[in-house]
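Engineer: Chain by chain, the residues run as shown.
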Amino acid sequence: MQLGKTRVVALLAVVAIAASACGGSTATPTVAAPGATTGATPAPVATPATTPAAAAVNGTLPPTDTTVYPRAETLYTSGKQWGAPSTWNPFDSNMAMGVVGLQYETLFLYDPIKDAYTPWLASGGSWDSAKTTYTINVRQGVKWSDGTALTAADVAFSLNIYQNAALGSNLFTIVDKVVASGNNVVVTFKGTPAYQEFSSALYNDPIVPAAIWTAKNDANILKFLNQGGVGSGPYTYKTAAQDRMVWVKNPTWWATAALSLTVKPTYVVDIVNSSNNAALGELLSGGLDLDNNYLPGIAQIVNGGYGVTTYFAAAPYMLGGNTAWLVPNTKKAPLNDPAFRRALAEAIDPNNVVVKDYGNIVAKADPTGLLPVWSKYIDTAQVTSLGATFDATKAKADLAAAGYKLGSDGFVTNKDGTAIKLNLEVPDGWSDWMEAETLIAKDAAAAGININPTHPAYATVVNDRNGTATAAPTFDLVINNDVQIGNTPWVYYDYIFRQPQIAAGAARNRNYEQYDNAAAWALVQQLDKTPVEDTATMKTICSQLQKIQLTDEPIIPLWYNGEWSQVNNSVWTNWPSSTTNQVQPATWNGYWQMGAIYMLTNLKPVTKS
Amino acid sequence: MRRYFGRKLFTYLITFFVAATIDWLIPRFMPGDPIAVLVTKTNILSPTQAQRMVEYYTQLFGLDKPMPVQYLNFWTSLLHGNLGLSIYGNGTPVIDMIMAAVPYTLALLVPAILLSWWAGNSFGALAARRKWLDNTVLPVGYILTATPYMWLALVLSFLLAFSFRMFPLSGGYGFNLEPTLTWLFFTDLVAHWVLPFLSLFLVMFGGWAIGMRNMIIYELESDYSRYLASLGAPQSLIRKYAFRNAMLPQITGLALQLGVIVAGSLVTEIVFAYPGLGHLVFAAIQNQDYFLLQGIFLFIIIGVLLANFIVDIVYVLVDPRVRVAMRGGTA
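The listed protein sequences derive, respectively, from chains S and A.
In short: position in the first sequence from 1, add 421, done, that's the numbering used here.
In short: position in the second sequence from 1, add 113, done, that's the numbering used here.
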């Protein structure tokens, strides 16, 4: 029937028009990286790469065809990137995995396990005899990935860039001038140098080429995405997509000649985190080599014959990367009473969390909260006499002695008789912390303290903890582990005692407990002005700070949150471990310059027999 | 005809306006401050740096302006085709992020909807005629249509991807490949596409099969079918007429299904980490990204309204009674 056929044809035509209008081609989607084009315009038929493994190891030949990555030359990682890579600007803390560490480097490396600094882009550095001027010797023979030489002018520029208010750095509150002179850079300070803060800058601040960044050094510096930038490091930008970040080996890396170091993988592909079970599936099936996510049950997997290993072969399996603290709001009763806080510290048994929640992949924190790498700064004798240990009976006694009477419901009340109910907040979805807070609440209840574990959305927890421009912080208790491992315990004492209080709002990131102690802050500032080599003085000051912290308990240390790291040994081996290769096994920001770069130089490909 | 479509268009425009307003409102009802979340997640060392970031982003996203001004800005920029900047993407234009994800979602949705509709209707029509087929298709259809998209996705992922290694576990294309016009890349793309597609296809297929089967049986019992049969018309002719009548509710159902299937594809994409719009919505929610959420929902609103409009046109083409009614209306 003529009419029927016309109708069918018209129908098909409509569908065709609709499909082309709505979606366009669906055969080969152009995966444009956000913000700019990747440059991966469809090429003519590409032959798979057959780069000889030997050349890849020596780093002499740049890879030829490069749109397929051979498995034996590729390292797949995951765990750092919680969203699509959107900026490669080394001054933006949201930068993609590896921007500082693989592409850009720092003047020194710091090894927290050995507590030693390794000259990196600097060949050395020294103080003058008065310890008021620091001279950085810039390493010679280093080239940027575009072939130009890295000079003292680049180093001076990279430090001076922090005068740009858009970066919001306080480096120039302690530094006066940074001047290049010959092959050196001379740093002068305002008043007595804050040695601790400055030493942190030496191994954290990236060195960038002045030729490119001078033009970008204005108020919009953070808007510069720097996709495919020029760095001095062992890798250069290959491509990025919504779910991955790909680095390719830089064959002209300076450390190959200067330090006989070569990074083994030709490609480093970092996969954006989707979910823990996806990561676990990939790790077990060999699709991932290194995973820096928290994977529950990893202790069983390590012993289960899957070829998956961790830094320690037995408990605690993971290095400690930061301390998880129980943070009370010291501006609210009864948490404003040090005696109550002390009783709270005695009521909680972190071992419960360590064993029941984490299955021994974390360790209980020292009463000072300092990480094991800082154990030499812990005044152990003082800890023994003053530190709070888990003892429910003692907690009850201390509560009674402080004037908190036990009510009929088994919970203590305020001194004025009103009920105490403390809300403990952790972000929703953080399953290990959600479990931990129920255990903590149970412990506290046994001693008579009523804690209500809640898990609102992350944004709500942040709001309650930080307060807003119009309202003070409203939280009772939160668990927090913001400050990571570093080269000095000063970072922890700054976190605990900072004065003056940062205004409530999004920028608040120190002294969440709102604890005011001028004497403590004076000690912290004194610590800051102590040279990092002067461990004796540092120990003395730390001991005094610990005394304040152990008696007042402004925040309560719980456990050392792990530097989550599990590896699959099927394609690459010789991973960091406590017995052989003692380097940091994490791809997180800040860890490459703490020696994780050696993880890549020590790797060995597994040779198929 | 023109008045009919004119009225339809007007209705759609009003719907769009209301939906867009609700779309603008909803993210702002979420508790918490997205800038605080963004800044806190980056673990900045220095508080002055954090403060600077807060100021920078607040100014960049215009979140310091009063609500009515933000609403007007929303419409002004929308009419310029500017969907704003993404907080999750650190200032990447929302339209860029959406355009990168749209091909994947369309590649899933369009074949899944059309193929399941076609296959489901064919099977349903067949089942209405053959008793043995009816006894198998119907229970299977009920089970499939009642299956949650996410659960089926997980089962397929576990069985076919993890246990039997027939298909990849997750992703849009292999992590060892870059997008190029090669056969290798294309086959890899298809391999990653199969499981998410199946999760959507199977569930919808069940629904259409049952619907069509019921409609055909209803039509075959109707007066005109009996009359034709009594006149001695061949079974095939009766079936052809019945099929045409049965199609009409199915076309309407297609229009209604479109909104539902978008939600289904969201969870499927999350299970397979398939880089489409659903995955992006999930990330936007987790990161309190107002603008990205607004942009994606707006996109979905426009897409669903457009698809409904197309179905309306198809309906006119397919059903002669509508055309007669329209002519009668304008006469």
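Hints listed in this document are in silico derivations from the structure and should not be mistaken for laboratory results.
C-beta: ideal position from N, C-alpha, C; glycine also.
Incorrect hints may have been included.
Said to hold, decoys possible - Below 20 Å or equal to it, Euclidean Cα-Cα: the simulated EDC-like pairs (lysine to aspartate or glutamate) are:
1) S:968 with S:949
2) S:644 with A:209
3) S:950 with S:567
4) S:644 with A:168
5) S:785 with S:758
6) S:535 with S:937
Said to hold, decoys possible - One side of the interface only, derived from the structure: several residues of chain A facing chain S at Cβ under 10 Å:
7) 235
8) 238
9) 284
Engineer: Decide, hint by hint, whether the structure agrees.
Structural biologist: Status of each hint after checking the structure:
For the proposed pair residue 968 (chain S) and residue 949 (chain S), the alpha carbon gap of about 18 Å is at most 20 Å, so the pair holds. For the suggested pair residue 644 (chain S) and residue 209 (chain A), the alpha carbons sit about 16 Å apart, so the restraint of at most 20 Å is met. This hinted pair does not check out: residue 950 (chain S) and residue 567 (chain S) have alpha carbons roughly 40 Å apart, beyond 20 Å. At most 20 Å may separate the alpha-carbon atoms for a hinted pair to count; residue 644 (chain S) and residue 168 (chain A) meet this at roughly 14 Å.
Restraint check for residue 785 (chain S) and residue 758 (chain S): not satisfied, since their Cα atoms lie roughly 25 Å apart, outside the 20 Å limit. As the CA atoms of residue 535 (chain S) and residue 937 (chain S) are separated by approximately 34 Å, the hinted pair breaks the 20 Å bound. At a threshold of 10 Å, the smallest CB-CB gap from residue 235 (chain A) to chain S is about 15 Å, leaving the interface hint violated. Violation of the interface hint for residue 238 (chain A) is found here, the shortest Cβ-Cβ separation to chain S being roughly 17 Å, above the 10 Å cut-off.
A least Cβ separation of about 6 Å between residue 284 (chain A) and chain S falls short of the 10 Å threshold, and the interface hint therefore holds.
Consistency with the previously given hints fails for numbers 3, 5, 6, 7, 8, ordered from lowest to highest.
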